[in-house]
Amino acid sequence: AQSVSQHNHHVILSEAASLELGCNYSYGGTVNLFWYVQYPGQHLQLLLKYFSGDPLVKGIKGFEAEFIKSKFSFNLRKPSVQWSDTAEYFCAVNAPFRGNNRLAFGKGNQVVVIP
Amino acid sequence: DTGVSQDPRHKITKRGQNVTFRCDPISEHNRLYWYRQTLGQGPEFLTYFQNEAQLEKSRLLSDRFSAERPKGSFSTLEIQRTEQGDSAMYLCASSPQSSGSDDEQFFGPGTRLTVL
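Keeping their order, the protein sequence lines are chains A and B.
Counting from 1, position 108 in the first sequence corresponds to residue 108 in the working numbering; the numbering is continuous, with no gaps.
Counting from 1, position 104 in the second sequence corresponds to residue 104 in the working numbering; the numbering is continuous, with no gaps.
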């Protein structure tokens, strides 16, 4: 079964700072990778996803993520954060090629952006 | 149709009582998923339907839990004889059936269960 690791559960930074959240997964086969975001009081929303092709994926709100297969990583980045980026961020993986559609999530990163 | 909806949004119950939650997926989404999320954790998979067929169940889903999707549209999740450890946010997600591997799941707002 696949598993996902996210480190630095709590991140506090100032507006305009750069953000990078790490995500490592354990699974030997082909996977799909996702970053979901949960803003305060709202439900989980998809930020970006990787299925195949260019390993640098651009998502909404200026976020991007890079898939590095050799490192089993899918790190999320934003060059300059805003107060509105305060949220919880979850990395997730599934392996539908193996008939495994379930998403395995990491524990999440609670990000607080100080104005 | 604006998204996945769940009802109720909050449920408080006493230990030992039964509870039932409902999920309405996005129209024409064939796949429906249930997850559970506790404080400080990411969502954990419980079970998955394709149309009315329950195709996968997690070991987290004890025999006190049962899920149905009788007509391939809405789904219910029932917990019998609730325990305090069942307190969590129960999330529903749906996705369209695709011939490829692009299985993006759309999440509902969740039902927060508190067992006293």
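Don't read these hints as lab results, they were simulated from the structure.
Incorrect hints may appear among the rest.
What the hints assert, rightly or not - Below, in silico cross-link-like pairs of lysine to aspartate or glutamate (DMTMM-like), each with a Cα-Cα straight-line distance of 25 Å or less:
{"no.": "1", "chain 1": "A", "residue 1": "K69", "chain 2": "B", "residue 2": "E83"}
{"no.": "2", "chain 1": "A", "residue 1": "K78", "chain 2": "B", "residue 2": "E56"}
{"no.": "3", "chain 1": "A", "residue 1": "K107", "chain 2": "B", "residue 2": "E83"}
{"no.": "4", "chain 1": "A", "residue 1": "K49", "chain 2": "B", "residue 2": "E104"}
{"no.": "5", "chain 1": "A", "residue 1": "K78", "chain 2": "B", "residue 2": "E28"}
{"no.": "6", "chain 1": "B", "residue 1": "K14", "chain 2": "B", "residue 2": "E56"}
{"no.": "7", "chain 1": "A", "residue 1": "K58", "chain 2": "B", "residue 2": "D86"}
{"no.": "8", "chain 1": "B", "residue 1": "K11", "chain 2": "A", "residue 2": "E88"}
{"no.": "9", "chain 1": "A", "residue 1": "K49", "chain 2": "B", "residue 2": "D63"}
{"no.": "10", "chain 1": "A", "residue 1": "K49", "chain 2": "B", "residue 2": "E44"}
{"no.": "11", "chain 1": "A", "residue 1": "K49", "chain 2": "B", "residue 2": "D86"}
{"no.": "12", "chain 1": "B", "residue 1": "K14", "chain 2": "B", "residue 2": "E28"}
{"no.": "13", "chain 1": "A", "residue 1": "K107", "chain 2": "B", "residue 2": "D86"}
{"no.": "14", "chain 1": "A", "residue 1": "K61", "chain 2": "A", "residue 2": "E88"}
{"no.": "15", "chain 1": "A", "residue 1": "K71", "chain 2": "B", "residue 2": "E104"}
{"no.": "16", "chain 1": "A", "residue 1": "K61", "chain 2": "B", "residue 2": "E104"}
{"no.": "17", "chain 1": "A", "residue 1": "K69", "chain 2": "B", "residue 2": "E104"}
{"no.": "18", "chain 1": "A", "residue 1": "K107", "chain 2": "B", "residue 2": "E28"}
To be verified - Pairwise CB distance ranges (calculated):
{"no.": "19", "chain 1": "B", "residue 1": "T114", "chain 2": "A", "residue 2": "P40", "range": "25 to 33 Å"}
{"no.": "20", "chain 1": "A", "residue 1": "K61", "chain 2": "B", "residue 2": "T2", "range": "35 to 43 Å"}
{"no.": "21", "chain 1": "A", "residue 1": "P55", "chain 2": "B", "residue 2": "F74", "range": "22 to 30 Å"}
{"no.": "22", "chain 1": "B", "residue 1": "T13", "chain 2": "A", "residue 2": "S52", "range": "43 to 51 Å"}
{"no.": "23", "chain 1": "A", "residue 1": "G28", "chain 2": "B", "residue 2": "T13", "range": "39 to 47 Å"}
These figures come from a predicted structure and were not determined experimentally.
Built from N, CA and C at the ideal position, the CB exists for glycine as well.
*asked:* Hint check: A/K107 vs B/D86, CA-CA at most 25 Å. Holds or violated?
replied: holds, 18 Å
_Pairwise hint evaluation, A/E88 against A/K61, where the allowed Cα distance is 25 Å at most_ = holds, 15 Å
_I want to verify a distance hint. Is the separation of the beta carbons of A/P55 and B/F74 within 22 to 30 Å?_
Given a distance of about 38 Å, which is not inside 22 to 30 Å, the answer is violated.
*Going straight from one Cα to the other, do A/K107 and B/E83 come out at no more than 25 Å?*
holds, 23 Å
_Supplied distance hint 35 to 43 Å, evaluated on CB atoms of A/K61 and B/T2_ = violated, 20 Å
*Falls inside 43 to 51 Å, the C-beta gap from B/T13 to A/S52?*
Once the Cβ atoms are compared, 45 Å apart, the range 43 to 51 Å for A/S52 and B/T13 holds.
_Holds or violated: A/K69 to B/E83, with C-alpha atoms at most 25 Å apart_ = Distance of about 42 Å is beyond 25 Å: violated.
*For the pair we were handed, B/K14 and B/E28, check the Cα-Cα distance against 25 Å.*
violated, 36 Å
_Restraint status (C-alpha distance of A/K49 to B/E104 at most 25 Å)_ = holds, 8 Å
*Verify the proposed pairing of A/K107 with B/E28, using a straight-line Cα cut of 25 Å.*
Violated: A/K107 and B/E28 sit about 31 Å apart, past 25 Å.
_Pairwise hint evaluation, B/E104 against A/K61, where the allowed Cα distance is 25 Å at most_ = holds, 19 Å
*So the hint says 25 to 33 Å: do the beta-carbon atoms of B/T114 and A/P40 match that?*
violated, 20 Å
When the structure is compared with the earlier hints, violations turn up for hints 1, 2, 5, 6, 7, 9, 11, 12, 18, 19, 20, 21 and for no others.
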